Amino acid sequence: MLEKQCLNETMHIEKLENGLDVIIIPMKNVSRKYATYATHFGSINYRFKPEGEDEMLTVPDGVAHFLEHKLFEQEEGENALDKLTKMGANPNAYTSFNHTAYLFDTTDHFTEIFKALMHFVQNPYLTEENVEKEKGIIGQEIGMYDDDPDWQLFFGFVNCLYGKHAITKDIAGTVETISHITPDILYKCYHNFYKPSNMVICVVGNVNVEEVVNLIKENVKPKGTLDKIERDYGEEKEEIYQSKIEKEMEVSLPSFMFGYKDNFNRQMLESGYEQEHKDVLQYDVALQIALELIAGKSTKLFEELYSEGLVTREFGLSFTYEEDYAYTSFDNESTDYQKVVQRVVDQIEELKKHGVNQEEFERTKKVLYGNFVKRFNDVSGVATMVISDYFKGINTFDYVKAYEQVDQKMVEEAIRKHFDPSKMAISVIKPKTSA
Amino acid sequence: MNETITKLNDRVYLHTMYTEKFKTNLVASFVLVDLNKEEITQNTLIPAVLKRGTNAHPTMRDISNAMDDMYGAIFDASSDKLGSKQALQFYISVIDDQYALNQEKLLQKSISLLKEIMFEPKLVNGTFDKDYVEQEKAQLLELIKSKINDKGAYAVFRSLEELFPNDPYGVYKYGREEDISKMNEVSLYQQYQKVMAEGEIHFYVAGRFEESEVMDQMTKEFSFIKDTSDAQNYFAVDKSDLAMIDGVKKVRDVGEVIQGKLVLTYDAKVDPFSDDLYKVYVYNAILGSSAMSKLFQNVREKKSMAYTIRSTYLKHKALMLITAGIEMDKYEKALEYIKKEVQDMNEGNFSEEDVINAKTFLVNLFRTYTDDETTMVSLSMGQFLLGMEDSIEGMIAKIQKVTKDEIIQIAHQMELKLEYYLGN
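As you go down the protein sequences, you meet chains F and A in turn.
Those letters in the first sequence? Residues 3 to 437, by this note's numbering.
Those letters in the second sequence? Residues 4 to 427, by this note's numbering.
Just so you know, the hints here were simulated from the structure itself, not pulled from any lab data.
All figures in this text were calculated on a predicted structure; none of them were measured in a lab.
Where is the CB? At the ideal position from N, CA and C, for every residue including glycine.
Keep in mind that a hint or two might mislead.
Stated by the list, open to error - Taking lysine-lysine pairs in the DSBU-like style, the calculated list, with each CA pair at most 35 Å apart, reads: (1) K336(A) <-> K137(F); (2) K30(F) <-> K223(F); (3) K133(A) <-> K302(F); (4) K411(F) <-> K112(A); (5) K150(A) <-> K302(F).
Unchecked claim - Partial list, derived from the structure: chain A residues whose beta carbon lies under 7 Å from chain F: (6) K24; (7) F25; (8) T27; (9) Y74; (10) I98; (11) A294; (12) N360; (13) T373; (14) D374.
Could you put together the complete structure from these sequences and hints?
Okay, structure coming up:
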């Protein structure tokens with residue numbers, strides 16, 4: 003078992019014989035216990051080579067999310083969500099681009115609840131009838147995303163950067179794509195992606211490491227191949243696909259999201275979870291600091307835009323990177339979004355030319371590091387962070403060093419490297435012009 | 004977690020709560036004054052103006068930079084209603100000194116900074132900055148006006164307003180629109196001085212620290228606060244307004260709503276200072292505060308009579324509220340089903356399993372309280388007002404002891420006082 007330390011917490015990592023990764027972070031003083039059981043199977047996994055077959059298989063968009071819904075249904079009749087709730091847990095599940103997770107937190111009866119979680123994730127019960135019924139329920143959920151301007155803004159943006167990549171597909175699919183889903187397709191995906199070697203269990207909170215490991219060994223099925231699944235995420239290239247997408251919706255102010263495509267991650271994340279990806283982490287932290295220095299709430303630029311009435315709230319700023327894509331994004335609302343974008347771009351060029359202010363750099367670094375520390379106050383915060391980093395091939399505990407090591411020069415280099423005008427794109431949601 | 008309470012004098016209390024659970028430490032304060040119709044709006048404006056600048060940090064940006072230098076410490080100041088009291092609240096949450104990258108004394112700085120914000124405001128010609136006061140007046144006016152935005156919360160506010168026409172508890176928690184134009188920087192500064200001179204002040208430090216160091220610093224920083232007041236700082240539970248309601252009052256408002264908002268208010272008729280509180284908690288969990296509750300499972304899930312439904316117990320006033328978002332044309336039916344669930348509680352139509360599920364839910368909830376510093380501190384403040392000294396484990400033990408008969412007895416005491424409906 004491998005151990006890692008960070009901020010007085012210890013992470014225990016073990017790969018079981020069946021290939022399942024187990025991550026346990028015991029936090030003695032808290033009351034809560036939080037467990038996540040997740041599979042490396044998300045909405046972007048629409049094409050893969052099934053075990054024992056030679057050809058790649060294409061499955062309907064929205065399959066991962068559909069399966070997430072269906073796993074709560076149990077042959078014994080009682081819905082697994084209700085069952086866990088009755089035992090005192092707060093259970094939940096979600097599907098992201100690259101993984102599906104089942105989780106709960108509780109203060110008492112951890113063992114029984116955890117067993118129940120492992121049981122339902124490993125025992126799908128799919129029938130023609132219950133799959134048909136689910137299509138109506140998910141259809142309504144999809145309708146909600148269509149009306150959500152923030153979601154549409156985001157998809158416009160990733161479409162600009164990644165036109166033919168699977169990340170441009172809606173996580174839940176469309177009413178049309180899910181109409182093709184059958185129990186057979188679901189079982190096929192289940193057998194390929196829900197095998198132990200493609201999954202991880204992460205437990206955080208007031209638990210005993212040895213007890214949890216034994217509990218997992220007793221309750222997780224031993225079988226399953228260790229083969230890596232061959233996946234296809236769709237066409238990929240270094241350039242962007244288009245520089246602008248506009249859409250009209252019922253909103254009061256135009257909203258916009260713009261940012262830059264980055265190709266850094268390709269080679270770096272291949273080597274596995276146990277490795278410390280120092281360069282990736284430093285680059286990540288450097289870019290997060292850069293974003294704050296460009297348009298964060300403490301910048302002169304933001305103060306100007308705010309006092310001129312061009313923006314009314316802080317920018318949403320993020321650097322996102324996963325196994326197969328990476329980009330920065332800035333989002334906000336404005337009556338004159340073109341002016342705002344131009345001012346941000348000017349600021350980037352200014353920083354490229356003259357570098358960053360040392361005092362501001364130090365302060366921003368402290369704030370970001372402080373935010374990282376604060377997330378350890380909450381077991382669910384820790385678990386969420388660890389799981390999402392895990393699927394990038396990154397260990398959350400390695401970030402502390404990156405925060406300590408990052409310096410002004412790294413930030414300046416990251417700015418020059420990342421913010422390439424030819425890799426920039428923008429998505430805009432405009433208010434409907436009345437006919 | 005251990006709480007120590009030290010009295011500096013008759014109106015100044017220092018609370019320390021030691022725990023190694025968190026990566027952050029919390030410094031907080033509550034200034035408690037009697038809730039008063041004529042002063043509630045002014046008192047709400049005070050923390051908003053104090054937030055704008057101090058003598059040493061005259062602008063919001065200066066304060067914000069100071070917080071950023073402390074690794075992004077989180078700071079806020081606000082006002083809230085706690086039963087018959089109004090509480091002006093201030094807090095700074097900062098990472099523990101051991102995680103500072105350059106050995107900064109963050110907790111010590113936070114205590115000083117909290118004091119600075121509370122007691123050393125930016126002054127112009129001996130009074131508050133006129134611009135700050137005017138800007139915050141405009142903000143507060145918007146805040147009070149926006150009470151109709153959240154229809155569910157608005158329906159609760161309207162219910163309390165109808166139930167308490169004389170008691171200041173019926174006033175909106177941020178105050179009254181008509182007071183705002185009457186305030187200026189001079190009158191507000193006078194009110195501020197009055198509140199600070201008369202209010203009961205509680206300082207909290209929660210987290211990991213050297214007890215003696217923190218006590219020394221707090222005693223040094225806060226001993227200038229003199230006990231000059233003869234105000235009686237006891238917590239009263241006044242229900243005289245309720246006694247004047249004969250039978251059940253019915254109120255119907257019309258608004259631009261998509262869902263109808265229904266609020267039923269019951270007088271629990273229990274002594275808020277007694278352990279009956281725990282019986283009401285179990286009663287409430289079975290009836291409507293949890294996902295396994297009768298209202299949620301039967302009225303929402305089985306009968307589809309409500310989009311949202313829950314019951315809430317207001318411990319400082321011993322009131323139980325049932326709130327529901329319903330389809331307009333189902334008003335009569337929804338009301339009937341809700342009342343049936345309440346009646347079932349009265350007749351003891353609930354199982355031992357319901358009691359167990361409710362207790363499991365509450366035990367989980369109470370334990371979770373201690374996993375968040377802010378919740379821990381507000382819980383302590385709320386308990387202090389009711390003179391309660393139970394620890395979380397003590398509360399749990401009392402929950403476990405509640406019997407089905409005791410729950411039925413609580414059900415018998417519940418008296419419906421108001422049926423409020425917001426529809427169109």
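Here is what the structure says about each hint:
no.: 1; hint: K336(A) <-> K137(F); in the structure: holds (30 Å)
no.: 2; hint: K30(F) <-> K223(F); in the structure: holds (29 Å)
no.: 3; hint: K133(A) <-> K302(F); in the structure: holds (25 Å)
no.: 4; hint: K411(F) <-> K112(A); in the structure: holds (30 Å)
no.: 5; hint: K150(A) <-> K302(F); in the structure: holds (34 Å)
no.: 6; hint: K24; in the structure: holds (4 Å)
no.: 7; hint: F25; in the structure: holds (5 Å)
no.: 8; hint: T27; in the structure: holds (6 Å)
no.: 9; hint: Y74; in the structure: holds (3 Å)
no.: 10; hint: I98; in the structure: holds (5 Å)
no.: 11; hint: A294; in the structure: holds (6 Å)
no.: 12; hint: N360; in the structure: holds (6 Å)
no.: 13; hint: T373; in the structure: holds (6 Å)
no.: 14; hint: D374; in the structure: holds (5 Å)
Checked against the numbered hints above, the structure violates none of them.
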